[in-house]
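Student: Protein chains in written order, with the numbering used here: chain A, 1 to 507; chain B, 1 to 361.
Hints may be right or wrong, so weigh each one.
Here are the simulated EDC-like cross-link-like pairs (lysine to aspartate or glutamate), alpha carbons at most 20 Å apart as the crow flies [to be verified]:
(1) A:49 x A:162
(2) A:49 x B:5
(3) B:6 x A:393
(4) A:184 x A:393
(5) A:196 x A:459
(6) A:489 x A:459
(7) A:56 x B:161
(8) A:182 x A:231
(9) A:214 x A:186
Some chain A residues near chain B, calculated using beta-carbon distances under 8 Å [what the hints assert, rightly or not]:
(10) 257
(11) 267
(12) 340
(13) 354
(14) 355
(15) 358
(16) 367
(17) 369
(18) 372
(19) 400
(20) 401
Calculated directly from the structure, the hints in this document are not laboratory data. Note that the structure is predicted; figures quoted are calculated from it, not measured. All residues carry an ideal CB built from backbone N, CA and C; glycine is no exception.
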Amino acid sequence: MPDTLLSLRGLTKTYPGVVANDDVSFDIGKSEIHALLGENGAGKSTLVKMIFGLVKPDRGEMRLDGDLYSPGKPSEARKSGVAMVFQHFSLFNALDVAENVALGMESPPAMRDLARQIRAVSETYGLPLDPSRVVGTLSAGERQRVEIIRCLLQGPRLLIMDEPTSVLTPQEVGILFQTLNKLKSEGTSILYISHKLEEIRTLCDEATILRLGKNVGTCTPRDVTARQMAEMMVGSSFAAPEPKAGAKGEVLLRCDALSMPAPGAFGTPLREISVEVRGGEVLGIGGVAGNGQDELLMALSGERLAPKGTIWFKGRDVGRDGPSKRREAGLLSGPEERLGHAAAPNMSLTENAVLTGARRKRLVKNGFIDWTAAQAFADHVIARYDVRTPGADVTARSLSGGNLQKFVVGREIEQDPDVFVVNQPTWGVDAAAAAAIRQALLDLAARGAAIICISQDLDELMEISDRFGALNEGRLSPTRAVADLDIEKIGLMMGGAHDMEVVHADG
Amino acid sequence: MIRLEKRTQPSGYWTALSPILAVGLTMIVGGFMFWALGKPPVEAIRTIFWDPLFHPQFADYSRPQLLVKAGPLILIAIGLSIGFRAGIWNIGAEGQYIMGAVSGAAVGLAFYPSQSVLLFPLMVFAGALGGWAWAMIPAVLKTRFGTNEILVSLMLVYVAENILASASAGWLRNPEGMGFPGSRNFKQWSAVYNAELLTGTGMHWGVAAAFIAVIAAYVMMARHIQGFNVRLTGEAPLAARFSGVSPAWIVFLCLGVSGGLAGLAGLFEVTGPAGQVSIDFGSGYGFTAIIVAFLGRLNPFGILAAGLLMALTYIGGELAQLMLGLPGASIQLFQGMLLFFLLATDVFTNYRVRMLRREAA
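With the hints as extra help, turn the sequences into a complete structure.
Tutor: Okay, structure coming up:
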């Protein structure tokens, strides 16, 4: 096959106790954008690591352009023309763009030449980026551009992208897609890993779907529906969340010009946030990461005390109450960071159930913990939310991200909150688990609770929210009914602070 | 190539094995050290670990000493271990121990020569209070100004030593002591003398308090919500705050408990085995207890065993100095080695070693 760039045959990789990849074969064509789909733990990252030379397959072979290809380390992969943009960036905040790019190169050219090259590449591919900016001041989308440009400078034949849009605004996604299409038209192949099915349908030519380490099928995304792809991924049909009944209760939580200073050098201050949420309602709060999401959650959870009279719960001023008091009253929260914030990594699930459930579930009597009751509560959450774990006695850090997320969200919902504030409830969670978590949130709202869902996943917010607002530099936009919104308006609500328009070749 | 890989669960096997391995390694390397000093290594090790308990001539004297030495070590280490679990590093237990002794003794001497049965309990209370108050200084400075409790508590040891010196040479000096430094001798004052409870065992009130502390600490850490909050703070401070635990309260709790227990240990020592406030009262128990706490895996029952073992090396070390003429510093080095090897073998609890062959390209 002359138009195949990379062909994988029978790739197998076993880790103790788990087969990460089992006899995976597929081809990536030249000038093709090829999607790699699968739930968490389906083996996507292992496969990609093998292609990028980070992991050696136990069996199977790869051919690049017909020649046997077995990279022993990433630098060999790069030499063969394979480049990768990781989900988590490896950039130094204190250095500027050009310095960061130089650090990733084997033999960087002189700084001035490099800056010129960066500028040239960024203009050619429509990725606006100033080589002299300090990385610490860049948005997530701009940081990603640094990584992409670092790859493009090597003139790759295959570019691997791991969940590239998870941190981008809709406008930034648009820019990225134009860039990828331009690369494709010049003959570069792209292996595109994502959870977002609609994106894959817009962008990709072919898709390979992994489930439990096996290749379960290849399809042409344009010809199938997102739902069909999702079903191939999970191996069974799953329920899309149902829209809920319209009747709304009284105002349960109200912020009144809530302002708070930034918690540290890299935090964001909250500025005059005024919003209210009613029983039975889901308020979605969007925004690009780092615009005050964590700070808002900590202010509402009580981890940072707010000024008097700025947070009202059921008509009572709770601004000066700590987390325990607010929880007792019925205001519960779920932070974004699972390990270390929502859960203690080295403690068991039973202990982590006590972490927030101590009072509402009456797990403590006269100061002593009722471990039997605590374990029963943990077991209940595990069973109810389909948390895959050998038992409640294993440490939180031994669970996969998605399973731990189901546990920590379930732990709060099972305490029957009146108001539940949650940040990134489905971040890094596979499609089936994400659907289950969203459904649980909607069920909770249907029971009359008010929900504030902070998320960077706009599709998610559109799916479950009644009203939407966006955080931008610590300010919350006025909220609007989701029914009146489209993705363009949302992007503008999220703030035009970061450059939105595509730079043209002559710019 | 050797690589360390983090385990998903701490290994229970290694948690139990590493102290034993550390003791073994200490014996071997310590043996080499004694050999290099020109002393017979096997005999030196035997003198330290075996003779205090079983030597036909010395055992009668040294066996009760085991509890006398282990009591304060355990009592102090139990308090320290609670703080260490929370990531609060009270290094100044020696100072709190001294202040407990001085303040307890001062309260008692104020009532000399009363024979009231209430006096000894009052002194116990004053001793605990003295240690607690001394530990509150780093606690307040830490919570109000963000100072480092390690440095502050350590520096306060030297302040306490100076207070001890001034007490024994000045304001607590025995008025009938013909000008010699040192307070009245509690051993000659029956109402407050912390005598052996069972003759020939070395068991005094301080040892009893240590045993009670072991059980209380175990119950607190395993079952009580405050113990849970302490562990949570040590494991994941952000999660603790999310849970509703006040970081400042944990600082006060941990430093308060460890200071109070160290103060108690000091009071029981000064009214018992030491007998008086004297300039050389500070014997390093407060520092050795740090080793005991870690050697016992910060686990109350582990600390009980570690305290006895450490007491054994103290007594055996003295015996070795006497019998074999080993220098005192070499015994301290030997004890330090124990902590060193413990920390080293401890790595295997949370990591596994992987031998990797460099993969060919």
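Student: Can we keep the residue 340 of chain A interface hint, with Cβ of chain B closer than 8 Å?
Tutor: With a minimum Cβ separation of about 5 Å from chain B (threshold 8 Å), the hint on residue 340 of chain A holds.
Student: For a C-alpha distance cap of 20 Å, please report whether residue 49 of chain A and residue 162 of chain A respect it.
Tutor: holds, 11 Å
Student: Mind checking the CB of residue 358 of chain A against every CB in chain B and telling me if the closest is under 8 Å?
Tutor: holds, 7 Å
Student: Is the interface hint satisfied for residue 367 of chain A? The criterion is a beta-carbon contact with chain B at less than 8 Å.
Tutor: holds, 6 Å
Student: For the pair supplied as a hint, residue 182 of chain A and residue 231 of chain A, confirm whether the alpha-carbon distance does not exceed 20 Å.
Tutor: Measuring from Cα to Cα gives roughly 31 Å; hence the hint is violated.
Student: Taking 20 Å as the top limit, are the C-alpha atoms of residue 184 of chain A and residue 393 of chain A close enough?
Tutor: violated, 50 Å
Student: If you draw a straight line from the CA of residue 214 of chain A to the CA of residue 186 of chain A, is it 20 Å or shorter?
Tutor: Measuring from Cα to Cα gives roughly 32 Å; hence the hint is violated.
Student: For a C-alpha distance cap of 20 Å, please report whether residue 6 of chain B and residue 393 of chain A respect it.
Tutor: It holds: about 19 Å lies between the C-alpha atoms, which stays within 20 Å.
Student: How about residue 257 of chain A: closest beta carbon in chain B under 8 Å, or not?
Tutor: This hint is violated: residue 257 of chain A lies away from chain B, its Cβ roughly 25 Å from the closest one there, beyond 8 Å.
Student: Quick one, is the residue 267 of chain A hint okay against chain B at 8 Å, beta carbons?
Tutor: For residue 267 of chain A, the interface hint is violated, since the closest Cβ of chain B sits about 14 Å away, which is over 8 Å.
Student: Residue 489 of chain A and residue 459 of chain A were given as a pair; does the straight-line alpha-carbon distance stay at or below 20 Å?
Tutor: Answer holds: residue 489 of chain A to residue 459 of chain A is near 14 Å, not above 20 Å.
Student: Given residue 369 of chain A as an interface hint, is its Cβ closer than 8 Å to any Cβ of chain B?
Tutor: holds, 6 Å
The earlier numbered hints that this structure contradicts are 4, 7, 8, 9, 10, 11, 18, 19 and 20.
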